[in-house]
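Colleague: One-letter residues, chain by chain:
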Amino acid sequence: MYQYFYDLTGSVIISTLITAVFPLVNVLLVALIGVYLERKVSAWMQDRVGPNRTGPFGLFQTIADFLKMLQKEDATATDIDKKLYNIAPVLVFAGSFAVYAVIPFSSKLIGSEIEVGLFYALAVSSFVVAGILMAGWSSNNKYSLLGAMRSAAQIVSYEIPTALVVLAMVMFLGTLSLSKISEMQTAYFWNWNILGGAEFGLSKFLLIPFMLVGFIIIFISTLAEVNRTPFDIPEAESELVAGYFTEYCGMKWAMFMLSEYGNMFAVSAIVSILFFGGYQSPFGYLGNTLGINWLIPYEQAFWFILKGWFFIFVQMWLRWTLPRLRVDQLMTVCWKYLIPYAFVNLIIIGIITLL
Amino acid sequence: MKEYLKNTWLGIYTILVGMKITFKHLFTPAVTIQYPEVKLKLPERERNRLYVNIDDCIGCDQCARACPVSCITVDTVKSVPGEDLGTTSNGKKKALWVTNFTIDFAKCCYCQLCVFPCPTECIYMTDVFEFATYERKDLVYQFSNLSPEEAEQKKINFANFQAEKEKQKAAAAAVPKPENPSQPSTN
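Chains as they are written, first to last, in UniProt numbering: chain A, 1 to 355; chain B, 1 to 187.
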């Protein structure tokens, strides 16, 4: 992407800025539309109407909320650890935003085309735990601390099934680069990894059920990593007020909110890159059939964002379907179910890849 | 091991069932009624704010007496001869000026007991139920169509009439009484 804009503008500063600002705009848009959609989807699923007063169909509800948030007093409790308290939201947001550096929105729109993209994304997203622990500890509040502890336990536990599935995928694909993984699943949807990858043969059909298992495992565990219902025990509002961000308000609180939605999209993006072809179109490109080459990257970005939004929708769908898990149930799901299945899946995918 | 696999299957299967249900609800129309714009049909015998059609009121005070919480105040003044008050819609002749007809809805218990005794059916329930106010005194509704000055005038008129009558009576009593000498009462 940097190269693309460098060729376009010929200026180092402008191309760097655009490269850096694009993911930020994306995160803001995801949060803006995501909050609205979250409310609407929840309302529709509960046979309600949802926001419909601010603007047509309540479309400006999030903007109104954002303006309200900006005006709020930055109230802080007296006995907090000021330094950690102020750094925590920034750290959480930075952690979730840093993932966007390696996410390929299309073949041209990548912040940084590093070879260890997948590894980097996993590493940086677990960075969020530090921020959450900081927030919980520095708030000097029992709810915050409990929430932070739960969050740490949860994220650390669910990293393992995620990593195991990613490992299986890396074994199968032979690369850690997210853009290369996307390129491998080119052309039509039967080349996607969920349907056994691009290589046509017996192994493709053998892989399909195990890919499905892998997808389910990584979807569940990433859902837990971004603290969404049914895995939202760190911020369980009926037990812990708001968990680790109970003491936050105004813009600092908004940072946590932003990072939540940023994380949602990032996780959806990684799942779609690993299993659903990333930015690849399922039906071939309009640009190819019409012979307009410059259209292809935009089409790819469209498909990528569409896939991301689809998984965000599934996350919301699950949120309004399932009740919250208890702490012990959460650990049971991870250690007793997801990890053994992920291990078996890893071994089987390994064997099939070897064949 | 069998139990374990069964649990796994049950976990995934029940989640899918739940998701199917919520997905169906995604397309079910909302049950919400957009209240200020859309209102539910009120029940047939609902009891809400009272209204007094003062043109039909004969000032009989029966509603005020029926009221269990005394929220209706009716003050009347008799009309003087020569004043035409008109008739009510069911043909009764009005003889009293209703100088003051207030209902304090802060006190009203919406029992509808005042409605039944009314001989002219001029006090009745409306379908207005949204009349919250910021001040309690705003809940005191005045139904009399006479302004305070007019009411005062009517009172003075009647007082003058009364005084004149007294005077006439006194005059009539004073002049022809030869056979009935005025004696102070002894007992």
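Since the hints were derived computationally from the structure, they do not count as laboratory data. We put the beta carbon where it would ideally sit given N, CA and C, even for glycine. Incorrect hints may appear among the rest.
Within a straight-line C-alpha distance of at most 20 Å, the following computed EDC-like cross-link-like pairs (lysine to aspartate or glutamate) qualify [unchecked claim]:
1. A:K142 to A:E199
2. A:K68 to A:E113
3. B:K39 to A:D47
4. B:K20 to A:D47
5. B:K107 to B:E135
6. B:K24 to A:E38
7. B:K93 to B:D55
8. A:K336 to B:D61
9. B:K155 to B:E83
10. B:K78 to B:D55
11. B:K94 to B:D75
12. B:K78 to B:D104
13. B:K92 to B:E135
14. B:K24 to A:D47
15. B:K93 to B:D56
16. B:K92 to B:D61
17. B:K20 to A:E38
18. A:K180 to A:E113
Coverage of chain A stretches by chain B, computed from C-beta distances (three or more under 8 Å per stretch; other residues unrestricted) [what the hints assert, rightly or not]:
19. 95 to 103
20. 109 to 118
Between beta-carbon pairs, the in silico distance windows are [said to hold, decoys possible]:
21. A:E237 to B:I33: 22 to 30 Å
22. A:N86 to B:Y141: 51 to 59 Å
23. B:L26 to A:I63: 23 to 31 Å
24. B:I33 to A:N86: 42 to 50 Å
25. B:K20 to A:V25: 32 to 40 Å
26. B:K20 to A:E113: 48 to 56 Å
Colleague: For each hint, tell me whether it holds in the structure or not.
Modeller: Structure-based check of all given hints:
Between K142 of chain A and E199 of chain A, the direct Cα distance comes to roughly 54 Å. Violation of the 20 Å bound is thereby established for this hinted pair. The suggested pairing of K68 of chain A with E113 of chain A is violated, with an alpha-carbon distance near 38 Å, which exceeds 20 Å. Between the alpha carbons of K39 of chain B and D47 of chain A the distance comes to roughly 18 Å, so the proposed pair stays at or under 20 Å and holds. In summary, the hint linking K20 of chain B to D47 of chain A is supported, as the alpha carbons are separated by about 15 Å, within the 20 Å threshold.
Distance restraint check for K107 of chain B and E135 of chain B: the Cα-Cα separation of roughly 14 Å lies within the 20 Å cut-off, and the hinted pair is therefore satisfied. At most 20 Å may separate the alpha-carbon atoms for a hinted pair to count; K24 of chain B and E38 of chain A meet this at roughly 17 Å. Our distance criterion of 20 Å between C-alpha atoms is met by K93 of chain B and D55 of chain B, whose separation comes to about 11 Å. Restraint check for K336 of chain A and D61 of chain B: not satisfied, since their Cα atoms lie roughly 82 Å apart, outside the 20 Å limit.
Taking the CA atoms of K155 of chain B and E83 of chain B, the gap is near 13 Å; set against the 20 Å cutoff, the hint holds. Distance restraint check for K78 of chain B and D55 of chain B: the Cα-Cα separation of roughly 16 Å lies within the 20 Å cut-off, and the hinted pair is therefore satisfied. At roughly 15 Å between alpha-carbon atoms, K94 of chain B and D75 of chain B fall within 20 Å of each other, so this suggested pair holds. Of the pairs offered as hints, the one joining K78 of chain B and D104 of chain B is violated, with about 24 Å between alpha carbons and a cut-off of 20 Å exceeded.
Under the criterion of a C-alpha separation no larger than 20 Å, the hint pairing K92 of chain B with E135 of chain B is inconsistent with the structure, at around 38 Å. Using a Cα cut-off of 20 Å, the hinted pair K24 of chain B and D47 of chain A holds, with the two alpha carbons roughly 10 Å apart. Between the alpha carbons of K93 of chain B and D56 of chain B the distance comes to roughly 10 Å, so the proposed pair stays at or under 20 Å and holds. Our distance criterion of 20 Å between C-alpha atoms is met by K92 of chain B and D61 of chain B, whose separation comes to about 16 Å.
With a C-alpha separation of about 18 Å, the suggested pair K20 of chain B and E38 of chain A falls inside the 20 Å cut-off, and the hint holds. Note on K180 of chain A and E113 of chain A: the hinted pairing holds, with a Cα-Cα distance of about 9 Å set against a maximum of 20 Å. For the segment 95 to 103 of chain A, the assignment as covered by chain B is violated, since 0 residues bring a beta-carbon within under 8 Å of that chain's beta-carbons and 3 are needed. Under the rule that three or more residues need a Cβ within less than 8 Å of chain B, the assignment of the segment 109 to 118 of chain A is violated, with 0 such residues.
Distance hint check: the CB atoms of E237 of chain A and I33 of chain B are about 27 Å apart, consistent with the given range 22 to 30 Å. As the Cβ distance of N86 of chain A to Y141 of chain B is approximately 58 Å, the hint placing it in 51 to 59 Å holds. At about 25 Å, the beta-carbon gap between L26 of chain B and I63 of chain A stays in the expected band of 23 to 31 Å. Checking the proposed 42 to 50 Å range against I33 of chain B and N86 of chain A shows it holds: the Cβ atoms sit about 46 Å from each other.
At about 36 Å, the beta-carbon gap between K20 of chain B and V25 of chain A stays in the expected band of 32 to 40 Å. K20 of chain B and E113 of chain A have their C-beta atoms about 41 Å apart, which leaves the hinted 48 to 56 Å range violated.
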